[in-house]
Amino acid sequence: MPLGEIADHIGADLRGDANTCISHLATLSGAGPEDIGFLANPAYLGQLAKSRAGAVILAPEHAERFAGNRLISRRPYVDWARVASLLHPAPQPRPGIDSTAVVQPSSAIADTAEVGPLVSIGANCRIGERVMIGPGCVIDDEVEIAADCRLIARVYLGRGTRLGERVQIHPGAVIGADGFGLALDHDHWIKVPQVGAVEIGNDCEIGANTTIDRGAIENTVLEDDVRLDNQVQIAHNVRIGAHTAIAGCVGIAGSTSIGRYCMIAGASGIGGHLRICDKVVITAMSTVLESIDEPGHYGSGIPSRPHLAWKRILVRLGQLDDWAKRLARLEKNKQKSE
Amino acid sequence: MPLGEIADHIGADLRGDANTCISHLATLSGAGPEDIGFLANPAYLGQLAKSRAGAVILAPEHAERFAGNRLISRRPYVDWARVASLLHPAPQPRPGIDSTAVVQPSSAIADTAEVGPLVSIGANCRIGERVMIGPGCVIDDEVEIAADCRLIARVYLGRGTRLGERVQIHPGAVIGADGFGLALDHDHWIKVPQVGAVEIGNDCEIGANTTIDRGAIENTVLEDDVRLDNQVQIAHNVRIGAHTAIAGCVGIAGSTSIGRYCMIAGASGIGGHLRICDKVVITAMSTVLESIDEPGHYGSGIPSRPHLAWKRILVRLGQLDDWAKRLARLEKNKQKSE
Amino acid sequence: MPLGEIADHIGADLRGDANTCISHLATLSGAGPEDIGFLANPAYLGQLAKSRAGAVILAPEHAERFAGNRLISRRPYVDWARVASLLHPAPQPRPGIDSTAVVQPSSAIADTAEVGPLVSIGANCRIGERVMIGPGCVIDDEVEIAADCRLIARVYLGRGTRLGERVQIHPGAVIGADGFGLALDHDHWIKVPQVGAVEIGNDCEIGANTTIDRGAIENTVLEDDVRLDNQVQIAHNVRIGAHTAIAGCVGIAGSTSIGRYCMIAGASGIGGHLRICDKVVITAMSTVLESIDEPGHYGSGIPSRPHLAWKRILVRLGQLDDWAKRLARLEKNKQKSE
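Protein chains in written order, with my numbering: chain A, 87 to 424; chain B, 87 to 424; chain C, 87 to 424.
Just chain A, with the same shape it has in the complex (with noise of 0.2 Å):
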């Protein structure tokens, strides 16, 4: 593809040979004459002189510190994924059901909608218009998806999910498993029928191995553009606002409602029965144990040290609570003493 007609799609200005052709994606220090790369961190400055890259998207304040091809954009980042997927464009279905799927006839497929080699597809379930259904993927009944959604293979939907349009969903995710409900009965536990669904809103993203619970009684719901990583964790009758993104190996416990454009770094854990605003930040590793009523950064992570300086300070907290006698003892001295 001519840089030029790339310029023009991501609305950058253009400094250098509009012919030169552009065929791949690459990092500035791999890049070679037919590929594009970018520059978002400054932290890589010293990799652009170096790069022999046939264009790089970069921000105004650094046009000058690259002597080939630049594409200059305010928010260089961005424009790269414009370009990634202008030269990546995601697959297209190839409609039709495979013969080794099994769909239930009371269910409907578009007929723009691909489903895939030994897909299960249960009663009373509708495929919108170009969905593309994977590989062992598992689909209850009364299942609704949308138009454009993409299970990628050995998804799991439960009865009764509804997904958006546009809805990505990549292998081994599980979504409307039962929650985690039981009632300890004297001396052992009663399941709670678990009677909710998980609803979806439109271009939402769901990683590998993540699991969302189906909602006790009300539904389990991610509002729209909601962007999960791996191994995320969502429990039952959980609430994530529009635009909030969660980062890989994150549990949140039931009946939590997370607002709008927060982000939860890796591994956090969000407690039960919260209530998060918008636009909070989590950094990773936090355990979040109270509701959040302002937006702003939170966190409880601890970075590691060297373990024989961490072990001290492990004994230090130890004797926190004698410290505490020890200054008070001491003030006191030094009251009476004055």
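A couple of the hints might just be wrong.
All copies of an identical chain are treated as equivalent in the list; a pair is satisfied when it fits inside any one copy or across any two copies.
Claimed, not checked - Quick list of in silico lysine to any residue cross-link-like pairs, SDA-like style, CA-CA up to 20 Å: (1) LYS365 / SER343; (2) LYS365 / ASP273; (3) LYS277 / HIS95; (4) LYS136 / ASN155; (5) LYS422 / ASP197; (6) LYS136 / ALA395; (7) LYS397 / GLU376; (8) LYS411 / LEU400; (9) LYS411 / ALA395; (10) LYS365 / GLU376; (11) LYS365 / ALA395; (12) LYS397 / ASP408; (13) LYS411 / VAL401; (14) LYS418 / HIS95; (15) LYS277 / GLU309; (16) LYS277 / GLY116; (17) LYS136 / GLY97; (18) LYS411 / GLN421; (19) LYS365 / LEU268; (20) LYS136 / PRO146; (21) LYS422 / HIS383; (22) LYS397 / PRO88; (23) LYS397 / ILE378; (24) LYS136 / PRO119; (25) LYS418 / LEU406; (26) LYS277 / ASN305.
Since the hints were made in silico from the structure, they are not lab data.
Computed from a predicted structure; not experimentally measured.
We have chain A; now place chains B and C onto it with these hints.
What follows is chains B and C alone, placed relative to chain A:
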């Protein structure tokens, strides 16, 4: 179902109209005239007064807080669970083996069992009465599944796994994969064959994408009525006592034994080769590295704070060693001055 | 197998009857006269004396602590692993493609390979000699699997994944799903296409339900002999050095590189864009947020305590800022009084 029948079933005292027809479960705030709700947590008393529920299960002390039909119970949540099971009975198997399932001829499947689409069952398995094996499950050789178990979909059971009666396993669970057994032979790892199996007692429930490894030599064991949430990891040769419940994202390292009636909250980690006694509660996101021989609550999770406040605490942690010296110096000085 | 043959195989010094017939592995406490056990951890010396094992592998210094047949070894655990592999050789492939597998015709499957029931293999794949692909695996297009790999069951390999020789992958693992690449375009996320792949060296082992994302542009790489336990999450463009072992539930964020011969204990989290050098040990449930350039042990996990003791420490943490001032005031006062 008439409310009178419901009251009889759970043995609750009915105040109101026994002929009211109840058809659905609902939350207090979402309920309508054909719905039944419950009040277990006094935090929801505010919703109770306004509820339009056709009936509410509640404790004697709250009986006067609701004007409509009431079922008076000393254990509203347990009785709610029982009503829920009445209105939503577990699905019954549709006996037979789907034509797309692959079952090795040496395996014995009870006539009343259901084997769904695209299931693979290895050699020498025994599948009991009324067992349901949902779509996409893979069952290796020599697996025994007792009566009334339910594998929802896409469950894996490794060679020699044994399930007691009424076990439920949710999608994506992997029971009986190899444990993580390695020995460093000078400069490279060699794999230690894992020849034990997994044994699961009656009435256990295993969450979505949970993993339970087979034993290295002897078996990994879950006693009766153990309840595991999603994404729990149980390493080889762990033993979990009856009636213990473990929330999402917990990991338990090899050869640890957990007692009966324990409760382990979300995302906690328990080290290897430990013994945790009966009736231990581990709070959320805690790290257990020593055996516990007294019942009670234990933990080490740190609730998050605003980022700047937390960063200040982290700085202070690094100063504790220095503070210990300063405190001692002050005290020495005080003694001298006395 | 006669004990003499076993001794020869591992090159151990045999004390006892070379004709003793050994047929099974066992723990010291569970062993009978046809079983072989081992002592690697002196904590089990008590069990040794009472063991009824037909033979025991142990170190020279413990040779006199057992009266029965002994195999003397300087590395009892390694030699145990070798005996275990002798008694329990890895299963051999049964060459052929199951009639229920779906293989695109452009893919080349070695004649000695086994493709199990209900497997889906995409286009342009190359499957090497003696590879075993168990039931329910899904392999996307352009995947290359070298000789003697073993995919147990229900494994997903994304487009372009490359496996070295003798790689073992356990059920539910997802290799080559999209990385979590997003750019915020004013008020909504846009997905950054992930066009790299996953490259896995020889002799790696990947645990159940572990996820390894494809690279954004370049590849995510595991060098030779990397060992991952269950539910590990490896983000895009991570590189893991040869012979590194990572325990269950660990998460590694994007673009981080881990050295060779590292060991990362369970449930730890490692941030993105870091460089961890060779021979680093991370202790359990630690959070690594900075690069590490010295071999050694590092950590930040906090061992749990009884709930009340831990709550007091949490209160003290909130007081540290105040204590810093009080300490300084006391010292200032002391100086003045001198």
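Tested hints:
Taking the closest pair of Cα atoms, LYS365 and SER343 come within 20 Å of each other only inside a single copy of the chain (13 Å); across copies the shortest separation is 31 Å, beyond that limit. For a Cα distance limit of 20 Å, the shortest separation of LYS365 from ASP273 across copies, 12 Å, qualifies, whereas the shortest one inside one copy, 44 Å, does not. Proximity of LYS277 to HIS95 under the C-alpha cut-off of 20 Å is restricted to the inter-copy arrangement: shortest distance 17 Å between copies versus 55 Å within a copy. For the homomeric pair LYS136 and ASN155, the shortest alpha-carbon distance inside one copy (13 Å) is at most 20 Å, but the shortest distance between copies (67 Å) is not.
In the homo-oligomer, the alpha carbons of LYS422 and ASP197 never lie at most 20 Å apart, since the shortest distance is 89 Å inside one protomer and 88 Å across protomers. For the identical chains of this complex, LYS136 and ALA395 are neighbours neither inside a copy (41 Å) nor across copies (42 Å), given an alpha-carbon limit of 20 Å. For the homomeric pair LYS397 and GLU376, the shortest alpha-carbon distance between copies (15 Å) is at most 20 Å, but the shortest distance inside one copy (29 Å) is not. Proximity of LYS411 to LEU400 under the C-alpha cut-off of 20 Å is found in both arrangements, the shortest distances being 19 Å within a copy and 16 Å between copies.
Proximity of LYS411 and ALA395 under a CA criterion of 20 Å is satisfied inter-copy only: 15 Å between copies versus 25 Å inside one chain copy. Taking the shortest alpha-carbon separations for LYS365 and GLU376, only the intra-copy value of 16 Å comes in at or below 20 Å, while the best inter-copy value is 26 Å. In the homo-oligomer, the alpha carbons of LYS365 and ALA395 lie at most 20 Å apart only across protomers (18 Å), although the nearest pairing inside one protomer, at 36 Å, exceeds that limit. Taking the shortest alpha-carbon separations for LYS397 and ASP408, both the intra-copy value of 18 Å and the inter-copy value of 15 Å come in at or below 20 Å.
In this assembly of identical chains, the alpha carbons of LYS411 and VAL401 lie at most 20 Å apart whether taken from the same copy (17 Å) or from different copies (14 Å). In the homo-oligomer, the alpha carbons of LYS418 and HIS95 never lie at most 20 Å apart, since the shortest distance is 73 Å inside one protomer and 66 Å across protomers. In this assembly of identical chains, the alpha carbons of LYS277 and GLU309 lie at most 20 Å apart only when taken from different copies (17 Å versus 28 Å within one copy). Taking the shortest Cα distances, LYS277 and GLY116 never come within 20 Å of each other, neither inside one copy (55 Å) nor across copies (22 Å).
Taking the shortest Cα distances, LYS136 and GLY97 never come within 20 Å of each other, neither inside one copy (26 Å) nor across copies (56 Å). In this homomeric assembly, LYS411 and GLN421 come within 20 Å of each other (Cα to Cα) both inside a single copy, at 15 Å, and across copies, at 16 Å. Within a single copy, LYS365 and LEU268 get their C-alpha atoms only as close as 33 Å, which misses the 20 Å cut-off; across copies the closest is 17 Å, which meets it. In the homo-oligomer, the alpha carbons of LYS136 and PRO146 lie at most 20 Å apart inside one protomer (19 Å), although the nearest pairing across protomers, at 60 Å, exceeds that limit.
Proximity of LYS422 and HIS383 under a CA criterion of 20 Å is satisfied in neither setting, with 44 Å inside one chain copy and 41 Å between copies. In this assembly of identical chains, the alpha carbons of LYS397 and PRO88 never lie at most 20 Å apart, being 59 Å within a copy and 49 Å across copies at closest. Taking CA atoms no more than 20 Å apart as the test, LYS397 paired with ILE378 passes between copies only; the shortest distance there is 18 Å, against 32 Å inside one copy. Taking the shortest Cα distances, LYS136 and PRO119 sit within 20 Å of each other inside one copy (13 Å), while across copies they are farther apart (70 Å).
For the identical chains of this complex, LYS418 and LEU406 are neighbours both inside a copy (18 Å) and across copies (19 Å), given an alpha-carbon limit of 20 Å. For a Cα distance limit of 20 Å, the shortest separation of LYS277 from ASN305 inside one copy, 18 Å, qualifies, whereas the shortest one across copies, 27 Å, does not.
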